[in-house]
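Protein chains: 2
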Amino acid sequence: MSKVHNFSAGPAILPASAIQAGVEALQNFAGTGLSILEVSHRSPEYVAVMEEARSLVKELLNLNDDYEVLYLQGGASTQFLMTAYNLLEKKAAYVDTGTWSSKSIKEAKLFGEVDVIASSKDKNYSYIPKDLNVPQDADYLHITSNNTIYGTQYKDFPDVNIPLVCDMSSDIFSKSIDANKFDLIYAGAQKNLGPAGATLVIVKKEVLGKVSRSIPSMMDYNVHISKDSMFNTPPAFSVFVVMHTLRWIKDMGMTTIEARNKAKAEMLYTEIEFNDNFKPTTATEDRSHMNVTFLLNDESRNDAFLEACKEAKISGIKGHRSVGGFRASMYNAMGLDSVQALVNVMQTF
Amino acid sequence: MSKVHNFSAGPAILPASAIQAGVEALQNFAGTGLSILEVSHRSPEYVAVMEEARSLVKELLNLNDDYEVLYLQGGASTQFLMTAYNLLEKKAAYVDTGTWSSKSIKEAKLFGEVDVIASSKDKNYSYIPKDLNVPQDADYLHITSNNTIYGTQYKDFPDVNIPLVCDMSSDIFSKSIDANKFDLIYAGAQKNLGPAGATLVIVKKEVLGKVSRSIPSMMDYNVHISKDSMFNTPPAFSVFVVMHTLRWIKDMGMTTIEARNKAKAEMLYTEIEFNDNFKPTTATEDRSHMNVTFLLNDESRNDAFLEACKEAKISGIKGHRSVGGFRASMYNAMGLDSVQALVNVMQTF
Chain A
142 MSKVHNFSAG PAILPASAIQ AGVEALQNFA GTGLSILEVS HRSPEYVAVM EEARSLVKEL
202 LNLNDDYEVL YLQGGASTQF LMTAYNLLEK KAAYVDTGTW SSKSIKEAKL FGEVDVIASS
262 KDKNYSYIPK DLNVPQDADY LHITSNNTIY GTQYKDFPDV NIPLVCDMSS DIFSKSIDAN
322 KFDLIYAGAQ KNLGPAGATL VIVKKEVLGK VSRSIPSMMD YNVHISKDSM FNTPPAFSVF
382 VVMHTLRWIK DMGMTTIEAR NKAKAEMLYT EIEFNDNFKP TTATEDRSHM NVTFLLNDES
442 RNDAFLEACK EAKISGIKGH RSVGGFRASM YNAMGLDSVQ ALVNVMQTF
Chain B
142 MSKVHNFSAG PAILPASAIQ AGVEALQNFA GTGLSILEVS HRSPEYVAVM EEARSLVKEL
202 LNLNDDYEVL YLQGGASTQF LMTAYNLLEK KAAYVDTGTW SSKSIKEAKL FGEVDVIASS
262 KDKNYSYIPK DLNVPQDADY LHITSNNTIY GTQYKDFPDV NIPLVCDMSS DIFSKSIDAN
322 KFDLIYAGAQ KNLGPAGATL VIVKKEVLGK VSRSIPSMMD YNVHISKDSM FNTPPAFSVF
382 VVMHTLRWIK DMGMTTIEAR NKAKAEMLYT EIEFNDNFKP TTATEDRSHM NVTFLLNDES
442 RNDAFLEACK EAKISGIKGH RSVGGFRASM YNAMGLDSVQ ALVNVMQTF
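Chains A and B are the protein sequences, given in the same order. Residue 276 in the working numbering is what sits at position 135 of the first sequence, and the numbering runs on without skipping anything. Residue 144 in the working numbering is what sits at position 3 of the second sequence, and the numbering runs on without skipping anything.
Bound-form chain A, shown alone:
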C-alpha cells in the first residue's frame, strides 16, 4: 500500500518509531510476556515508563526544579476548567484567539471574573493580538499558543508580571521556547505528542494552593503531584507512546525539529502566496507552522481540489467549517515529502 500523506489536525501523524513501539508493547511489554494493556500501572516496568515520560519533558524543555510534570486525562477541555479551579480566585485575564480560547473562557467564567483583554474575533481570528494591557490584579493570564482551527500562532510570548498559563496543545515541542517563562502549560497529546487520551500538564508548584475553594481530588493538581501522576490509573498506553515520541524528539534534536517545521511551513506558504489559484487566510506575521489554512479563489472548485488531493493520497486536508477551504496540519512527525506532495497537487491543479 502506497504511503498516505496524513495532514489530519488531530489525532494526527506520529513518529513511525513510536507506533512500532506501541505494536510491540501491545504484544509483550518490557519482557513481561503480557500486553501493556494488561499490566498493572504499579508494576516496576510501567512506573519506569511514567517516570521517563515525565523526566523527558523536563529535559527537553530545560525546566528547572520549580516545575512538576503530570499526565492527566480529559484533554485540554478538562484543563479549561482545572486551570480555573486551581488558580482563579477573583479575576483572570484571557486572550481570545479562536475556538479553543473561547471555550477556555467559557469554563473559567464558572469560577470567577474573566477579563478578556484582547480578541481577534473582529477579523475571524486571522491574527494574534499584540500590545496586551494586562491587569496587574489578575490571578493569571491565559493564552493559546497555536490556534489549530484558524491557523495562527504566537511567534513571541507576552512578558507579564502575573502567572502565565498557556494551552500549547497544537504546537508543544514544535520549536524551542523558554518554558520557564510559563507557570502552567497544558497540551492534549493528540497532535505533537501521542495518542488521544493523555494530557500533558507542566506546572510551577508555587502558583498552586492559593485559591480558597475546595477542589475535588481529580481536579486538584496538588493531588496528582503528590502521587507522582498516579493518583488513579493513568492512560497507560497513551503515556507509553508519548514517551516514545519524546525519545524520537530527543533523538532528532529540538533544533532539527524546529528547522524542519520552518522549512515545511515556508514551502507551503510560498506556494499559497505565489499560486494564483490560492490565497492565505491569516496575517503574514502570525501564520502557524503547524496548521496552514488557505482558500481557493474560486470556491466552486473546492470539491475538485479535495478529489485531486485524494488521488495523491493526501488525507485530512479539508478545512474546518469556521474558516472553510483547506487546512494542512504539519506536525513534527510529518516529513517534507508529504508537504511536497501537497505542493505538487496545488501546482498541477
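These aren't lab readings, by the way, just hints derived from the structure by calculation. Just so you know, these numbers come straight off a predicted model, no measurement behind them. Just so you know, not all the hints are guaranteed correct.
When chains are identical, the list treats them as one kind, so a pair holds in a single copy or across two.
[Stated by the list, open to error] Here are the simulated BS3-like cross-link-like pairs (lysine-lysine), alpha carbons at most 25 Å apart as the crow flies:
1. K244 - K368
2. K247 - K351
3. K262 - K346
4. K368 - K247
5. K451 - K351
6. K264 - K351
Chain B: place on chain A using the hints.
Just chain B now, with coordinates in the frame of chain A:
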C-alpha cells in the same frame, strides 16, 4: 515464551482477540493506511467504532431507550465527582463497602450532604451490608457493586424508590444483571472492558438536569450526550479495544461468561476452604467472583508462596496492603486453566 497467568487487579487480562485487533489497527486502521492513533475521531471509520461501542453496551445489557451510553475519560475517580456534580442537590445516600466507596463519599461531600446509610468498615470491609434503610428524600443511593480490594460483591442489588447509582468498575459484564434497575452506572474500562483511559457511563436521561448549580462542560453528562460522546477528542484507541472486548463478550454470550466466572470462583474458593494452609477473608455469601482475597495461616510463608507462584508464571497475585495476603483477580478474559494453575500451586505448597 510460556503463558503468563495474569491475575492483575487492573489494568488486567483482556481477550486475545481484542489485543490482536489493537495490534492490527495500530498498523492499518479500517483500511485507511494509517494507524488508529493518527486518524481523526471525526472520520467515518472512527465514528463507526464509537457508535458500535455504545450500541453493544445497550444490546448486551438490554437497556431500553431511556438510557444513554458514554465513553468518557478520568476513570471511576472522575465519576465520583461527576455523579455528585450532576445529581446531588441536597442530600445523597451512600453505602460504604471499601476504599473506592470511601473515595466516592469524600468527593460527594464537596457538593452536598452525604448520608452514609451503611458501612462494613467495622469488619475491615469483609461483607456487604444488607437491609438498607434508604432515606426517601435523598437525591440518589450510591453503591459499589464489587470491591476490588476487599473481595466482596453484591449478589442482589437493593430495591429502592430513589435513583440508584452504581460503580461497576470491577464486575460489569461479568454476569447477567437487570441494568434497567439503575439510573447511572459507571465503570473504568481497565478491568473487564479494555485499556485504561476510557470510562463507561450509562445514564438514564430523566435523572439529569435537576440540580441548580452550573456544571462545567466536561463534567456535564448532558453535554456529552448532546455530542454523542464526542464533545472533545475521545480516548480513541481505548474505546476501540473496548468495542472488540464487547464483541468478544457478545460472541461468548453473557450466560457462558457468567457460568465460567462462577466455575472459576468455585474452584478457587473451594481450594481456599479445604486447604489447611489458607483461609478466606470475606463473608461466604458476599464473596466476589472477580477478586478473590485469601491469607496464609502462617504469614511468615507469604514470600515463599509468592515465589512459588512466580515459578508457575502466576502474576499479580500479591494482596493489596489493606487486606494483606493474596488476591486473585479473575476477570472475564481469564480461562479456567489459569485458575487451575494457581490451585495447583496451592495444593503443592
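ask   = Which earlier hints can't be squared with this structure?
value = Going through the list in order, the structure violates hints 3, 5 and 6 and respects the others.
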